[in-house]
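Participant: Below, each chain spelled out in residue letters.
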Amino acid sequence: MSKKYFQPEQETMPLEDIRKIQDEKLVSQVRHVYENVPYYRDLMDKKGVRPEDIKGVDDLHKLPFIKKDDLREAYPYGLLATDLKNCVRIHSTSGTTGKRVVAFYTQNDVDMWEECCARAIVAAGGDNGDVCQVAYGYGLFTGGAGLHGGSHKVGCLTLPMSSGNTDRQIQFMMDLNATILCCTPSYAAYIGETLKEKGIKPEDNKLKAGIFGAEPWTEEMRHDIEKSLGIKAYDIYGLTEISGPGVAFECEEQKGMHINEDHFIAEIINPETGEPLPIGEKGELVFTSLDKEAFPLLRYRTRDICVLSREKCSCGRTFVRMTKPLGRSDDMMIIRGVNVFPSQIESVLLNSGYAPNYQIIVDRVNNTDTFDINVEMKEEDFSDIPTGITNKEKALQSAMKAMLGINPKIHLVAPKSIARSEGKAVRVIDKRKRLGINI
Amino acid sequence: MAINQISIFVENKEGKLVTITDSIANAGIDIRALSVADTQDFGIFRLIVTDPEKAKTALESSGCFVSITKVVGVSIPDEPGSLAKIVNILARYNINIEYMYAFIAVSKKEASVVLRVADNEAAEKILVENGIKLLKEEDIVSM
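In order, the protein sequence lines correspond to chains W and F.
Take the first sequence: its letter number 220 is residue 220 in our numbering, and every next letter is one higher.
Take the second sequence: its letter number 60 is residue 60 in our numbering, and every next letter is one higher.
These aren't lab readings, by the way, just hints derived from the structure by calculation.
All residues carry an ideal CB built from backbone N, CA and C; glycine is no exception.
One or more of the hints may lead you astray.
Stated by the list, open to error - Each computed DSS-like pair below joins lysine-lysine, with the alpha-carbon atoms no more than 27 Å apart: (1) F:K70 x F:K109; (2) F:K56 x W:K378; (3) F:K70 x W:K392; (4) W:K378 x W:K416.
Said to hold, decoys possible - Chain W is faced by these chain F residues, among others (derived, beta-carbon under 10 Å): (5) F9; (6) V10; (7) D38; (8) D41; (9) I44; (10) G63; (11) V66; (12) R116.
Excised from the complex, chain W in its bound form (with noise of 0.2 Å):
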């Protein structure tokens, strides 16, 4: 029987309880911080703030913001804020340069992390009769491991399928009757492909539901999705810094993803001035950790651009809902559901002798990102016979590969040929933007 909360307590609690609940725990999170990283404590000095002064969230503004750039210099243990052997994972994702960024779990963190995984499972319909598909990417990428411990929470048969070789992943979909997919949005299109090549029939699989996130899409691809799968397409959100997928779902209204509250506080604030900005306003994410203990970030600005809303859900649950993001107050980029930034790429050219003068090129073609970058060379790189420049071009690739994880394609072009306007290179050309992705 389907069961329509995983912890209809927390779920559904009245909004002063959560109020309550945040109170409480961020005053012990910003005592647990200050005492245990020096990093943010500096921060908050710097600012003039103590623990003290932090008596509840209406105090939360006078706390220090920390950014991805803080998360690279403190790497890999500037914010560990637990002894290490009481830490049992790691999980990665990219930095804005060379270094990664490594989170600590306990298994508390863990446990509390799978739990938010399972709620989103259950919002979508599971429970401890379902066969899930867990198609996201597993190892350092938090896709994997979230949904598979939530299904393992909420009692599914779990399928550890991770991504790629669809063929086994239809097969197994086929013959073991998975009743939810959990993927990429690009990967779920590119399985429905692959179905229809094969003329299988929405209607002769099992499926019911559809768990995708770690890029952004839109409405269309979801009805596109949901005709091609013959599915109820779910919208799934989080990210590394603050646990992985499942700091905020979608429910059956399928109108923004409730974000858990007891666990985590949500901000919006100006991105130019950091002033927070009242509910209903468009502006960036930022996000407080309540209950982690290895590596709990306050006030983490997530460069996501998206609008809350406390209007009442049919579905019950009381937590503050997020719209899909709306944008990304950085240069980052999402590619085929890997982080993207320029300034990785510019690090790989200069370290392989190149001018940083590049342009990088993405679109979408058959529901997959092209990812294409063009690279100017110097004088000295020009080569009479093609294999010296398409040499030099792979060369380029598998530094590149190191650095971010997928595969450019690279194209060497003649000095000064990349288009400059008013002196400045239009350096991203994002493609995807005519199909109305937000990227």
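Following the hints, position chain F against chain W.
Facilitator: What follows is chain F alone, placed relative to chain W:
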């Protein structure tokens, strides 16, 4: 003694060929030979012209990415077996040919072959020792 070949990097985009040929035409330069090596994204145009330096300057002012590559030029009788003869000589001495192309001059019954090799001097020495006539810059102008 190698001859000067113009090598131009040409992106596979509209208008590039127009720019190149216009630029050479406007400088009053005559093209003796033309060869192209291409990939999906770009081509390398190789030209033997009557005035390589002038051509390079003209092409660069039109925004082309140009280089002068020194290549070996030989002059052989325009008859069957001529090409096989020099290819055999080079093979015997393990001289690897990176690329080559040929053209004829209408005035004489001669063909010219352009060869890109790793060591121009070594190749030229071997060809001369084996009785092959080398092309000089002046020959290109006067063809």
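Participant: Confirm or reject each hint.
Facilitator: Now the hints, each set against the structure:
no., hint, in the structure
1, F:K70 x F:K109, "holds (25 Å)"
2, F:K56 x W:K378, "holds (17 Å)"
3, F:K70 x W:K392, "holds (22 Å)"
4, W:K378 x W:K416, "holds (9 Å)"
5, F9, "holds (6 Å)"
6, V10, "holds (9 Å)"
7, D38, "holds (7 Å)"
8, D41, "holds (5 Å)"
9, I44, "holds (6 Å)"
10, G63, "holds (7 Å)"
11, V66, "holds (8 Å)"
12, R116, "holds (7 Å)"
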